[in-house]
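Asker: Here are the chains, one letter per residue:
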Amino acid sequence: MSVTNEEYRPLIVAFCCNWCSYAGADLAGNNRLAYPADVKIIRVPCSCRVNPAFILRAFQRGADGVIICGCHPGDCHYTSGNYYTRRRMALLFSMLDYLGIEKERTRVEWVSAAEGAKFAATMNDFCKTVAALGENKRLEDLRCKK
Amino acid sequence: MQRIGVFVCHCGTNIAGTVNVEAVSDALRKEPGVVFSTNYQYMCSQAGQDIIKNAIAEYKLTGIVVCSCSPRMHEATFRKTAASAGINPYMVEIANIREQCSWVHKDTLTGTEKAIILGRAAIAKVNLNAPLTPGQTPVTKRALVIGGGIAGIQTALDIADAGFPVDIVEKKPTIGGKMAQLDKTFPTLDCAACILTPKMVDVAQNEKIRIFSYSEVTEVHGFVGNFDVTIKKKARYVREDICTGCGACTEKCPQKKIPNEFNLGMDTRRAIYIPFAQAVPKVATIDPDHCNMLKNGKCGVCSKVCTAGAIDYNAKDEFLTEKYGAIVVATGFNPIPMDKFDEFAYSQSKDVITSLEFERLMNAAGPTGGKLLRPSDGEHPHTLVFVQCVGSRCEACAEKGKEYCSKICCMYTAKHAMLTRDKYPDTEVYVFYIDVRTPGKNFDEFYRRAVEEYGVHYIKGMVGKVSPEGNKLKVQASDLIENRQIHIDADLVVLAAAIEPDKSARPLATMLTASMDTNDFFTEAHPKLRPVESPTAGVFLSGACQGPKDIPETVAQAGAAASKVIGLLCKDQLTGNPCVAHPDEMMCSGCSNCEKVCPYGAITYVDKEFRMPDRTTKVRRVAQVNEAVCQGCGCCTVACMSGAMDLKGFKNEQIFAEVDAICR
Amino acid sequence: MQKVTRDILVNKAKELLANGTVDRVYGWKKGEFAYDVTPALFKSEKELDEFVFGDFCGANVSKYLVAESKKAGGKILVFLKPCDTYSLNQLTTEHRVDREKIYAVGIPCEGMLTGSALKDKVDSVLSVETEGDTVKVETLYDGVKTFPASDLLPDRCRNCKSKKHVTYDELIGEDGEVLDSGRFDEVEKLEKMTPDERFAFWQGELSRCIRCNACRDVCPACTCEKCVFDNPKSGLENKAAADSFEEKMFHIIRAFHVAGRCTDCGECSRVCPQHIPLHLLNRKFIKDMNTFYGEYQAGEVVGNRPPVVNYTKEDIEPSEAVKRGE
Amino acid sequence: MTNTKRMKEDILRMSGVNPRKCMKCGKCSGTCPNYDEMEYHPHQFVSMVEEGRLEPLLASKSLYTCLSCMACIERCPRGVEPAKLIEAVRLLKERQKDGNHLTANDIPARIDDDMPQQAIVTAFRKYTK
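Residue numbers (my numbering), protein chains in the order written: chain W, 30 to 175; chain U, 32 to 695; chain A, 127 to 452; chain R, 13 to 141.
Quick caveat, the hints were computed from the structure, so don't treat them as lab data. Certain hints may be false.
Between beta-carbon pairs, the in silico distance windows are [unchecked claim]:
1) U:Asn-323 x A:Glu-300: 55 to 63 Å
2) R:Asn-15 x W:Glu-36: 19 to 27 Å
3) A:Asp-249 x W:Glu-36: 54 to 62 Å
4) R:Val-133 x A:Glu-312: 36 to 44 Å
5) A:Arg-334 x W:Ala-161: 43 to 51 Å
6) W:Lys-157 x U:Asp-259: 56 to 64 Å
7) U:Asp-57 x W:Glu-36: 23 to 31 Å
8) U:His-252 x A:Arg-284: 34 to 42 Å
9) A:Gly-429 x U:Met-542: 54 to 62 Å
10) R:Met-127 x A:Thr-320: 48 to 56 Å
11) A:Lys-449 x U:Arg-34: 36 to 44 Å
12) A:Lys-449 x W:Ala-146: 20 to 28 Å
13) A:Lys-449 x R:Asp-22: 23 to 31 Å
14) A:Glu-300 x R:Leu-79: 50 to 58 Å
Footprint (simulated), chain U over chain W, 3 or more residues, beta carbon under 8 Å [to be verified]:
15) 75 to 84
16) 129 to 139
Quick caveat: nothing in here was measured; it's all calculated off a predicted structure. Glycine included, C-beta positions come from ideal geometry on N, C-alpha and C.
Isolated chain W, as found in the complex (with noise of 0.2 Å):
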């Protein structure tokens, strides 16, 4: 990614789960309701699918902040993967804290499928949070910048 753009634009990867949020984001998409072009989803079965190894591996390429959508606790279309997911980001979230890498460059929502609002809400506000906080330095591979 070049940095030479006179606006600095974060780079962001969304993990979101086939089932609820994904569909969220499409629904987002059916009613044209706007967010950056910053955001590139992955979708991926259930959140639960997500490793924290993509997430550092996101970042050691260059993201800037990455957030991981699943259904509400409760509604997982496997009926226990988010819960899962929670408690993995809680404590990966937290160890990356404890670290000193920023807490705002990471996230877990949950976005169901009748929530494109919320997903395009969620998804401008973590792209002005991520954006305010510049460039990501401190979880990066150097060699992956020029």
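Model the placement of chains U, A and R on the given structure of chain W, informed by the hints.
Answerer: Then chains U, A and R, alone, in the frame of chain W:
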């Protein structure tokens, strides 16, 4: 290396209006593995699909990337297209450049840039895709219903009606369950036996249905379509095939003082007994705990009086293993024990009874022949107090009560009060309630009739204390509306005990790997959309084992569960989801972490022999995934430290590749 | 310092070998120096001559049982300190050892000294002796020096979590109690820093990492058949850390993989040649799990379900979890 | 914060009771052995504290007619513990009485060898606002 074709859709102006589709297809042509890239007005149209098919043939494509609308829209379409042109449908990936790009971004420059990145991610993924084939498993066309109450009976009848064989396993000597013990049913007041016993007879006579009464499920193996179930037929010491149910033995047995479970201990039965007149199967059963012959070999009266020669004192428990395609749980409920509720003096006075005991007292076949008489002295009671919510809605102490509303008590208490006043107009009937909950067809009308026509005293407030004094029960309660404390000298106090799932449900859930909530009710696959299925494929729920229910609801759910079973048994083969977890046995450490998080019980472990590089063999414990049961959530892949467990279609390396492509 | 002597242990080993209860013994052997005692397997009474026991026998031998207990032959005798028994239980829970093949003798522990702390204080050690709480060190150039034992104790012993053996077949001496240690104090201190200070702290620590993998290789929770970092197919393969990211990546992922399974035995920090306080990463996870999901001690009971592979419907949200320190 | 609101918070803090758990079943009052002597009954305490109607409670004799038999705590199906709430209202009332009967300065004069220190501490708490 894959040979990938990229197909960018304009979707009219839906995509092309914001995204420079030409630039996208040009940019993606340069990606590794891409041998063909084009764009077209409507990729999903017949003409668009033909472009894909022709390109597959012409460029010998092995992978397809379609940059179009959401995969939730047309992934299936393009997979079919690919399959019809001879490549594996799972070699198709969709880059969502409509819902998640052109529709949400206004600027052509950023839209185009993002579309290219999304396309790149899809190409990176397809490069690592592998052809997937859904597994096929045959279906055993037989169902098992566990529990022979009204829920189990209705489910079995409905399944049998569709032509499939069904077995009912009932732990008691007869089917019928709780409904057989009821007197009248609300809100129509028809007699429970009159509507239930014909169904029991139907079950007995239906040649598709086998009844294993006095039996229990002891082991369950296998998975949807292919369960192996071990059933223990407890020794009843009477040969079912010979016994005619004449009842001669039950009259001659010298052991007379055994509390009769069917009448909740309010009268007695013999050591050899038939639970009630309309029992199905109507055969006698010997109670081994009380039979003299079985205990010390001294008696044998029943054997002498049995003209059919059905008595067999040497009978043993029998185990049989049967195959089933589907299992329906219908284990029902019980009232909770009342002995912990000291304040209501249930253990101190015989005249404090539960509602189920009241049902038996009012029933013509009950211990009093249908006359309402006090259990202590057989006198006719004049003042009756009904207490609602005993143990229900009770958050304070879990070992005593239940946090949930038991749902049926408001209605049956109204019924009891009404029937009492109807039969005995000389009585005064008080009902103490917290709320009267009557949602249901004709339910509130029924309750109002109890108040308005039958003059039942409904008092908002709870009974604080019942103390036996002489032959009276002193009831102290509050009347919240009049803000006073009431003292009533009652003759009979009836407690609407909370109901709880049958104790057999918890071990059964473990055997079935079906999940339960903290109250031991079975959980549904989805609380709204799949209310009669358990999260474990092939296991269905019927009746009160899933939550408190009245009879019409139970019957409705029983029918719904049956229709789900029929839908399953109709299939000759089950086609699985090919995107399932798959362990790399060479790397698996056998730690069981994946097994712990699997919501479907799809993971088991085996000890397997491996050849080592030095030609020795080593036995290691490794995970096995049952592909027919796995639903592909991928939870196990993260629980696996070594990365031995991976998810087909969403492999670790595929997701890494997507991340890398996006962050490039 | 130690209340049990070498002779007690050797006699016990000889007795069990003689009566056929076991056919081999895991213990310790003298290293090159007085302070680098190493775990070793003894297969006969004669070999036991080389058996040593003293204040530097800190190595947790439970991990050696992963391979040893799967081999043919009879039972293996192993002497376990209280903290080692937690590891053995955890390994049993994960089916990594065959508990039936192990004869565990619990031994009391008064804290084990570390060679690294000693080397920080003196050079050219010839011999070390302890008398009570005083450690007498004979050196080549500086003569005899004495230190209080507490100066040479690693953090895991200064903040010992338990003197209770959670599994054993036999016990030498009296069993102790689970202690109320201050093992999370250091973590709390870090939590109270600003993110910038924390980042600087960890940057300073982790940048020293030379990726020797000693922490992983000694860790009784790291027993995977093949580590993700060694596996080209995992997408995480990384033999040597090239920059600060990869050092962090390795240690975050390693700490995450052992989260809920780490018994806080402290071996990682003991063996780290760069003196990185790796236990502070593991303890952060333990502390978080305790506060978020209720007290949990890995290895306390066989068959326990670690919090990371469990859940309740009322769990804390990740956004709340990171806010907690504010 | 209004006075009532602060008083309510004090009561809830002192008692540790959450009156919102009450489902208004009245079992506490049905249980109460001294019901007729009480102007306000246990369930009314719970709902009046929740509604913030504290003045009538503070003025009521019921504060002293509660026997503290704890039957209502024992029987409450929701674990609301009305007796603790009544006790807290009573404490609040005590603490509001007049001014400070005992100030810190008064204490040294009252200390002698026979006086247990506990008694002084208790008295100081009881007789001081």
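Asker: Are there hints from earlier that the structure breaks, and if so, what are their numbers?
Answerer: Violated hints (numbers, rising): 2, 5, 8, 9, 11, 16; every other hint is consistent with the structure.
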